[in-house]
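If you're matching them up, the sequences are chains A and B in order. The letter at position 130 of the first sequence is residue 130 when you use my numbering, and the numbering goes up by one with no holes. Add 212 to a position in the second sequence, counting from 1, and you land on the number used in my numbering.
The set of hints was computed from the structure by calculation and includes no laboratory data. Please note that a few of the clues may not be correct.
Stated by the list, open to error - Cβ-Cβ distance ranges computed for the label pairs, FRET-style: (1) A/ARG135 - B/VAL404: 30 to 40 Å; (2) A/PRO46 - B/ALA321: 49 to 59 Å; (3) B/VAL404 - A/LEU113: 25 to 35 Å; (4) B/GLU386 - A/ILE64: 25 to 35 Å; (5) A/ASP42 - B/ALA321: 24 to 34 Å; (6) A/MET86 - B/ILE244: 24 to 34 Å; (7) A/GLY133 - B/PRO351: 41 to 51 Å; (8) A/TRP98 - B/THR299: 25 to 35 Å; (9) B/LEU360 - A/ALA26: 26 to 36 Å; (10) B/ALA446 - A/LEU143: 12 to 22 Å.
To be verified - Facing chain A, according to a computed beta carbon distance under 7 Å, are these residues of chain B, among others: (11) LEU238; (12) CYS256; (13) MET311; (14) TRP312; (15) LEU322; (16) VAL323; (17) ARG359; (18) MET373; (19) SER412; (20) TRP424.
Remember, predicted model here, so these are calculated numbers, not experimental data. Where a beta carbon is used, it is the ideal one built from N, C-alpha and C, also for glycine.
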Amino acid sequence: MTTAALTAARQGLVSCETCGLLSRPASPAEPGHCARCGAGLDWRHPNSIQHTWALTLAAAICFIPANALPVMVTNALGSSTPDTIMGGVVFLFTSGSWPLGLIVLIASVMIPLGKLLALAWLLIAVQRRASGGERERMRLIRLVRFIGRWSMLDIFVDTFTVALVQLQPLMSVEPGPGVVFFAAVVVLTMLAAESFDPRLLWDNQPAQPSNG
Amino acid sequence: MIPMAPDLTLPRRPSSDAIACPGCDLLQRLPILPPGGRARCPRCGEVLATASTDPIDWPLALAIAAAIVLVVANTTPLMGISAVGRTADTTILGGALTMWTQGQALTGALVAICVAAAPGAYILFMLTVLLAARRPPAPRWAGELLRLAGHLQLWAMPEVMLLGILVALVKIAELATVDAGVGLYATGALPVLLAGIAVSFDPRAIWERVLWADGEVPPRTSRQAPLKTTADPAVEEPPR
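Isolated chain A, as found in the complex:
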């Protein structure tokens, strides 16, 4: 499909991110505020690429301790067993509930890792001014935003396991130091996906030559 790339920015118009109103700012350097909702106007998210890179890299660093450190420690009959995220997945597989093990594996390992790779790839595509394949990259950023929240799954599993299994002195479960790093990965990747401005993916498309 060939669609003329007649965008708002090329017409000197800026679309309000809060209420969607199109306005024509008097000075392009300072778009000012939306006449309807009063939100600040920007042509694109300010420093979108830098912010998204910073958040993605911070998340990638946190991903290592999140997987290496235990997220739960089980104390039973005087002995304590630390459990990492992968340990929890293996437990679910070996105890016969492999569908749940698969869900946790996807939500806790594959989705965060996939999000980090996808964000890096999208950022590189924008920086290298890649053209062609915008629709696919658009689908990818939508997917990253849609499934991002499901990585919180392991945090909730740990929380409610810890909250319930408090049968001292017989058995108790306490959270491990990996939990906070894992939570950081989820929050940072969600913030990174939000700070990425998808319009940057399309800005390299040439303007309509005939009637631009």
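Assemble chain B onto chain A, guided by the hints.
Showing chain B alone in chain A's frame:
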């Protein structure tokens, strides 16, 4: 649903309503959509607008139900366990509090935000916005609350929590007997109600009723010069 007299003060949207796609900035004119229809950007496929049959009263009714369910979910026990004569039970905020007291304060706070604070504030703000919009023009703060509700929606995760609880239950069932509480059923209903609000709600219906930041009363005609657009959104008919 609360019956409402036909609203004669608000005309239909003008057919020549120019917007820019939030996904790719392509200029296009939004046509009048059939009830339940959707408009998509022809270039990037982003959903531009959905036409709800009743964008105010339907989500309002669902938001009232969600508020009640949220209170029940947060005040009654989610589940209890028993093993060799000892029992324990927990609530949603009890789970967050245990994380906090067990040395994971940051994680506990995040859980409290995602399962109680964000959904609670989201429902409260939506209720306020929808009630304000029933008598247009709605005051300016209604627009501000709507903007905040949009951010809160991202962090309200009752559906993820529900799956997390189910996984935790299966894990614990190996060790002890688990009983589901009233709170668990309320937690199960909450994601359904929130999804219902999101589907039946149309933010454009609010923006048409809100007082403008520059002091003018809606609706008003656009001051824009006639715009040249080369694209038209793809309109999807509602499913039958």
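Hint-by-hint comparison with the structure:
Under the hint 30 to 40 Å, the C-beta atoms of A/ARG135 and B/VAL404, about 32 Å apart, fit the expected range. Between A/PRO46 and B/ALA321 the CB atoms are about 28 Å apart, so this pair departs from the stated range of 49 to 59 Å. In this structure, B/VAL404 and A/LEU113 meet the distance hint of 25 to 35 Å, their C-beta atoms being roughly 31 Å apart. Between B/GLU386 and A/ILE64, the C-beta spacing of about 30 Å keeps the proposed range 25 to 35 Å intact.
For the pair A/ASP42 and B/ALA321, the beta carbons lie near 30 Å from each other, so the given range of 24 to 34 Å is met. A beta carbon spacing of about 54 Å between A/MET86 and B/ILE244 contradicts the range 24 to 34 Å that was offered as a hint. Roughly 45 Å separates the CB atoms of A/GLY133 and B/PRO351, a value that falls within the hinted 41 to 51 Å. In this structure the supplied range 25 to 35 Å holds for A/TRP98 paired with B/THR299, their Cβ-Cβ distance being about 30 Å.
Checked against the given bound of 26 to 36 Å, the beta carbons of B/LEU360 and A/ALA26, roughly 28 Å apart, stay inside it. The supplied range of 12 to 22 Å is met by B/ALA446 and A/LEU143, whose beta-carbon atoms lie about 20 Å from each other. Hint status for B/LEU238 relative to chain A: holds, with the closest Cβ pair at about 6 Å, below 7 Å. Checking B/CYS256 against chain A by beta carbon gives a least distance of about 5 Å; that is within 7 Å, so the hint holds.
The restraint placing B/MET311 at the interface with chain A holds, with a minimum CB-CB distance near 5 Å, inside the 7 Å limit. The restraint placing B/TRP312 at the interface with chain A is violated, with a minimum CB-CB distance near 10 Å, outside the 7 Å limit. Using the Cβ-Cβ criterion of 7 Å, the hint placing B/LEU322 at the interface with chain A is satisfied: the shortest such distance is roughly 5 Å. Contact between B/VAL323 and chain A, as hinted, is supported at the beta carbon level, the nearest pair being about 5 Å apart and thus within 7 Å.
With 7 Å as the threshold, the beta carbon of B/ARG359 comes within range of chain A, its nearest partner Cβ sitting at about 5 Å, so the hint holds. For B/MET373, the interface hint holds, the least distance from its beta-carbon to any beta-carbon of chain A being 5 Å, beneath 7 Å. Below 7 Å, beta-carbon pairs count as interface contacts, and B/SER412 has none with chain A, the closest being about 19 Å; its hint is therefore violated. Because the beta carbon of B/TRP424 sits about 5 Å from the nearest beta carbon in chain A, less than 7 Å, this interface hint is met.
Checked against the numbered hints above, the structure breaks hints 2, 6, 14, 19 and satisfies the rest.
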